[in-house]
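S.K.: Taken in order, these protein sequences are the chains called U and E.
Numbering-wise (my numbering), the first sequence opens with residue 30 and increments by one.
Numbering-wise (my numbering), the second sequence opens with residue 30 and increments by one.
Each hint should be verified, as a subset may be incorrect.
As the list makes no split between identical chains, a pair holds if one copy fits it or if it spans any two.
Calculated cross-link-like contacts (lysine-lysine; reagent style BS3-like; alpha-carbon spacing at most 27 Å) [what the hints assert, rightly or not]:
#, residue 1, residue 2
1, LYS315, LYS65
2, LYS470, LYS48
3, LYS266, LYS315
4, LYS294, LYS438
5, LYS170, LYS470
6, LYS239, LYS65
7, LYS470, LYS294
8, LYS65, LYS48
9, LYS294, LYS170
10, LYS239, LYS266
11, LYS65, LYS165
12, LYS315, LYS438
In short, the hints are calculated from the structure, not lab data.
There are 2 protein chains.
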Amino acid sequence: MIDSVIAYVQARTDEYSSKLSDFLRIPSISTDPAAKQAMRQAAEWCVRFFDDCGIEAEIVETAGHPAVLADTGPADRAGPTVLIYGHYDVQPTGDLGLWDSAPFEPVVREGRIYARGSADDKGQVFAHMVAAQAWKRAHGKLPVRMKFLIEGEEEIGSVNLGQLVIDHADRLACDYVCLSDSPKLDADTPAITFGTKGLLYKEVIYTGPKQDLHSGSFGGTVTNPANALAQLVARMKDADNRVAIPGYYDDVAESSQAELALLNKAPFDEEAYRQSLGSPALDGEKGFSTMERRWIRPTLDVNGLLSGFVGPGASTIIPARAMAKISMRLVPNQVVDTISQAFDDFVRSHTPPGVNVEILTHSGAEAYLCPVDHVGLAKAASAVRAGFGVEPAFIREGGTLPILPFFKKVLGAESIMIGLCVPNCNNHGPNEFFVLDDLYKGILTGVHLAVEMARA
Amino acid sequence: MIDSVIAYVQARTDEYSSKLSDFLRIPSISTDPAAKQAMRQAAEWCVRFFDDCGIEAEIVETAGHPAVLADTGPADRAGPTVLIYGHYDVQPTGDLGLWDSAPFEPVVREGRIYARGSADDKGQVFAHMVAAQAWKRAHGKLPVRMKFLIEGEEEIGSVNLGQLVIDHADRLACDYVCLSDSPKLDADTPAITFGTKGLLYKEVIYTGPKQDLHSGSFGGTVTNPANALAQLVARMKDADNRVAIPGYYDDVAESSQAELALLNKAPFDEEAYRQSLGSPALDGEKGFSTMERRWIRPTLDVNGLLSGFVGPGASTIIPARAMAKISMRLVPNQVVDTISQAFDDFVRSHTPPGVNVEILTHSGAEAYLCPVDHVGLAKAASAVRAGFGVEPAFIREGGTLPILPFFKKVLGAESIMIGLCVPNCNNHGPNEFFVLDDLYKGILTGVHLAVEMARA
Numbered sequence: 030m031i032d033s034v035i036a037y038v039q040a041r042t043d044e045y046s047s048k049l050s051d052f053l054r055i056p057s058i059s060t061d062p063a064a065k066q067a068m069r070q071a072a073e074w075c076v077r078f079f080d081d082c083g084i085e086a087e088i089v090e091t092a093g094h095p096a097v098l099a100d101t102g103p104a105d106r107a108g109p110t111v112l113i114y115g116h117y118d119v120q121p122t123g124d125l126g127l128w129d130s131a132p133f134e135p136v137v138r139e140g141r142i143y144a145r146g147s148a149d150d151k152g153q154v155f156a157h158m159v160a161a162q163a164w165k166r167a168h169g170k171l172p173v174r175m176k177f178l179i180e181g182e183e184e185i186g187s188v189n190l191g192q193l194v195i196d197h198a199d200r201l202a203c204d205y206v207c208l209s210d211s212p213k214l215d216a217d218t219p220a221i222t223f224g225t226k227g228l229l230y231k232e233v234i235y236t237g238p239k240q241d242l243h244s245g246s247f248g249g250t251v252t253n254p255a256n257a258l259a260q261l262v263a264r265m266k267d268a269d270n271r272v273a274i275p276g277y278y279d280d281v282a283e284s285s286q287a288e289l290a291l292l293n294k295a296p297f298d299e300e301a302y303r304q305s306l307g308s309p310a311l312d313g314e315k316g317f318s319t320m321e322r323r324w325i326r327p328t329l330d331v332n333g334l335l336s337g338f339v340g341p342g343a344s345t346i347i348p349a350r351a352m353a354k355i356s357m358r359l360v361p362n363q364v365v366d367t368i369s370q371a372f373d374d375f376v377r378s379h380t381p382p383g384v385n386v387e388i389l390t391h392s393g394a395e396a397y398l399c400p401v402d403h404v405g406l407a408k409a410a411s412a413v414r415a416g417f418g419v420e421p422a423f424i425r426e427g428g429t430l431p432i433l434p435f436f437k438k439v440l441g442a443e444s445i446m447i448g449l450c451v452p453n454c455n456n457h458g459p460n461e462f463f464v465l466d467d468l469y470k471g472i473l474t475g476v477h478l479a480v481e482m483a484r485a
Numbered sequence: 030m031i032d033s034v035i036a037y038v039q040a041r042t043d044e045y046s047s048k049l050s051d052f053l054r055i056p057s058i059s060t061d062p063a064a065k066q067a068m069r070q071a072a073e074w075c076v077r078f079f080d081d082c083g084i085e086a087e088i089v090e091t092a093g094h095p096a097v098l099a100d101t102g103p104a105d106r107a108g109p110t111v112l113i114y115g116h117y118d119v120q121p122t123g124d125l126g127l128w129d130s131a132p133f134e135p136v137v138r139e140g141r142i143y144a145r146g147s148a149d150d151k152g153q154v155f156a157h158m159v160a161a162q163a164w165k166r167a168h169g170k171l172p173v174r175m176k177f178l179i180e181g182e183e184e185i186g187s188v189n190l191g192q193l194v195i196d197h198a199d200r201l202a203c204d205y206v207c208l209s210d211s212p213k214l215d216a217d218t219p220a221i222t223f224g225t226k227g228l229l230y231k232e233v234i235y236t237g238p239k240q241d242l243h244s245g246s247f248g249g250t251v252t253n254p255a256n257a258l259a260q261l262v263a264r265m266k267d268a269d270n271r272v273a274i275p276g277y278y279d280d281v282a283e284s285s286q287a288e289l290a291l292l293n294k295a296p297f298d299e300e301a302y303r304q305s306l307g308s309p310a311l312d313g314e315k316g317f318s319t320m321e322r323r324w325i326r327p328t329l330d331v332n333g334l335l336s337g338f339v340g341p342g343a344s345t346i347i348p349a350r351a352m353a354k355i356s357m358r359l360v361p362n363q364v365v366d367t368i369s370q371a372f373d374d375f376v377r378s379h380t381p382p383g384v385n386v387e388i389l390t391h392s393g394a395e396a397y398l399c400p401v402d403h404v405g406l407a408k409a410a411s412a413v414r415a416g417f418g419v420e421p422a423f424i425r426e427g428g429t430l431p432i433l434p435f436f437k438k439v440l441g442a443e444s445i446m447i448g449l450c451v452p453n454c455n456n457h458g459p460n461e462f463f464v465l466d467d468l469y470k471g472i473l474t475g476v477h478l479a480v481e482m483a484r485a
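Input sequences plus hints: build the corresponding full structure.
M.R.: In structure tokens, the structure reads:
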């Protein structure tokens, strides 16, 4: 039965970039208040797409932008249900002058379709939509029950998605969550990502004198908030680049030998990686490989520093205030609240008496990890192997998808990430693109996924 | 002979605020290109003032704003020559909305004259100008040869003053330099300041990855320039708050017991000082008193920090760049070039391989110290005692006056700072004022200074 579906897709590969372009032309920038209408338009576009091929779909309202729910209905025989998760909202364009073509006027150049959202995530979720469409059109039905949840707030933190999942838990009930919102390992290697890091984002503000002071007249007599903040930040890591917050590593899950073996199979060229980032040298927590630090070990990074005079030239002040934004990427089984408390305790205990401290918490999200022996990973791998004709890499991701642990908690389903776009696809930057060959192979992967997931 | 001069001043105290107001109305903001004409107007006002009472004066051009030179000519009998140094340029007004009255429309409220430049430095140098005028008018001549150097670039770093002093060293030849451009110790206590700190101002820039990186995808694998810079800054001081740059204290001059005894006589209320700054606690180099740290010990302060995302909320980046502005206030006999080299060596040796470093030097100036047993200090103290009717405090200053060591080097003369304005006179801020009683007592001090300086 799959042969007719594949033939159907292959006969139409040239049409798909044109169809995707319709989707990409809608400037659905979720953070832009002026894009409210475009947001609804993009959601309606998805509903119409499903309607047109006989898949039930509707818009579901949230406190923010609407989401789209679709359902192919029960399959012929009893079997698992797959929920495809994706998002129709996109990042802002940034400086238009940096784009070689207009972000919402898709163009194909050298086998790539350029547009905002082409990779993140319209193009990737579109591959799964087209796969379902192909099954319906070529075969009349799918071998597996497939549901879609396409939200409009991923780029602004999925602020209303949790409530939506709770409110519609029955309709979203599934055995596997699949999503394509992550990259391939490299241009040649599609990736199945089975874990994401969590996130705890803090801001520490030191205040000292009531206003900036003359550094000559008053230097040496008061605690300089900027010097004190530098001391605090420096103390957060030891000489081995380990986070020095007491208890930080207490709950960190050890990776199994099976997992490490799987991750170590992913081809990784350290020097090429270094060069792509432009850093003079790679560095990190002592005792772990670059791959382990990137995917398995929790981190702590300063994201921003501000104090005193930062213009050109010199101003001789003792700043009244100093600020650091500091975030930690957490791993299984670190608990956000526990680490948050440990961080705050550390900051307060190392704050000298000469400054007052304020700590803000901007966000917290748990890590997610699908067990490496989970059958869904093997099924997805088979689909990718069939769709791309190569062996996928099994990797973890340092980024955070707060909804994944939430899917696990509310729906009881593990999430499997199937990366279809190249890592340098410029998502969030200018000239975002999606390689058309990856789009077609992604569609084929989606076609095979329906078969693989249906297997016992 | 002094009695007639004092009587002359006392008969005219009400006139002086009106005369000073004429000077203050000229908006001579040296940093403002639009004030070029006002700058010349202020210089000409000074020349006319001297001319009117028979003191030779003229404008001397520089590469920037002009300076005023005046000379009372040889005194009756051979004796020392005093050079009064001051400046006619003023700071910008800043936010006009913060002023209770227009900065260049002087008004008298509650015994204070409010205007930009009233204290810094027009009002203070005016006291010395009036003293010379009184001598000329009441007595026909001065008991001491008095010269004036009133520049127009003090608020922009006296950029052309060094060259002027070299070019006119003969005309400026003197035995003592006196200046009133510093504050009293407190409202009740005029101060004789006999030392200033030097200054070395650096900027350190760390660059890591070629652009900001996603802190999830790449965290833990590269050196974060902001974390590294915090480490570097933290290392610059040890647990005792001593500067940890090797050799930093090697050349620091020990204060004599005589000097410490003199400084310790200055009344100083630590708690009132702390409250006036608004710091939660006073702190600094271990083993030294607040007074010693403020005036005698070299310091190191961060003046500015900037890295990554500093807007409201959260952005999860590893910054590509981090910057710290760091200045050191130096003391006798620290040498700017030596400390500069030690600083650079320290920075380079503590920079990790994962970042590139750039070091900028914004300015360097040596400290100045008049020997505490210098006869000029005792003469100035006698004049202040006579003018104010109270004992002056002997203090040092943490701020920097690069011209003082230059006067010493080129003219061979020590500098004596006689502070006439209250410390909270809002110089550089809105609502700058000069207490009229301090103006009159400053004039009387100037009258007595001519006699005291003339003594053998």
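S.K.: If a hint holds in the structure, say so; if it doesn't, say that too.
M.R.: Going through the hints against the structure:
1. LYS315 / LYS65: neither (48 Å within a copy, 60 Å between copies)
2. LYS470 / LYS48: This pair counts as within: shortest intra-copy Cα distance 16 Å, inter-copy 88 Å.
3. LYS266 / LYS315: both (11 Å within a copy, 26 Å between copies)
4. LYS294 / LYS438: neither (30 Å within a copy, 72 Å between copies)
5. LYS170 / LYS470: Only inside one copy: LYS170 and LYS470 sit 21 Å apart there, 101 Å across copies, limit 27 Å.
6. LYS239 / LYS65: neither (43 Å within a copy, 35 Å between copies)
7. LYS470 / LYS294: within (22 Å within a copy, 86 Å between copies)
8. LYS65 / LYS48: within (23 Å within a copy, 66 Å between copies)
9. LYS294 / LYS170: neither (37 Å within a copy, 97 Å between copies)
10. LYS239 / LYS266: For LYS239 and LYS266, the Cα distance is within 27 Å only across copies (24 Å; inside one copy 30 Å).
11. LYS65 / LYS165: neither (32 Å within a copy, 81 Å between copies)
12. LYS315 / LYS438: Neither: 34 Å inside a copy, 55 Å across copies.
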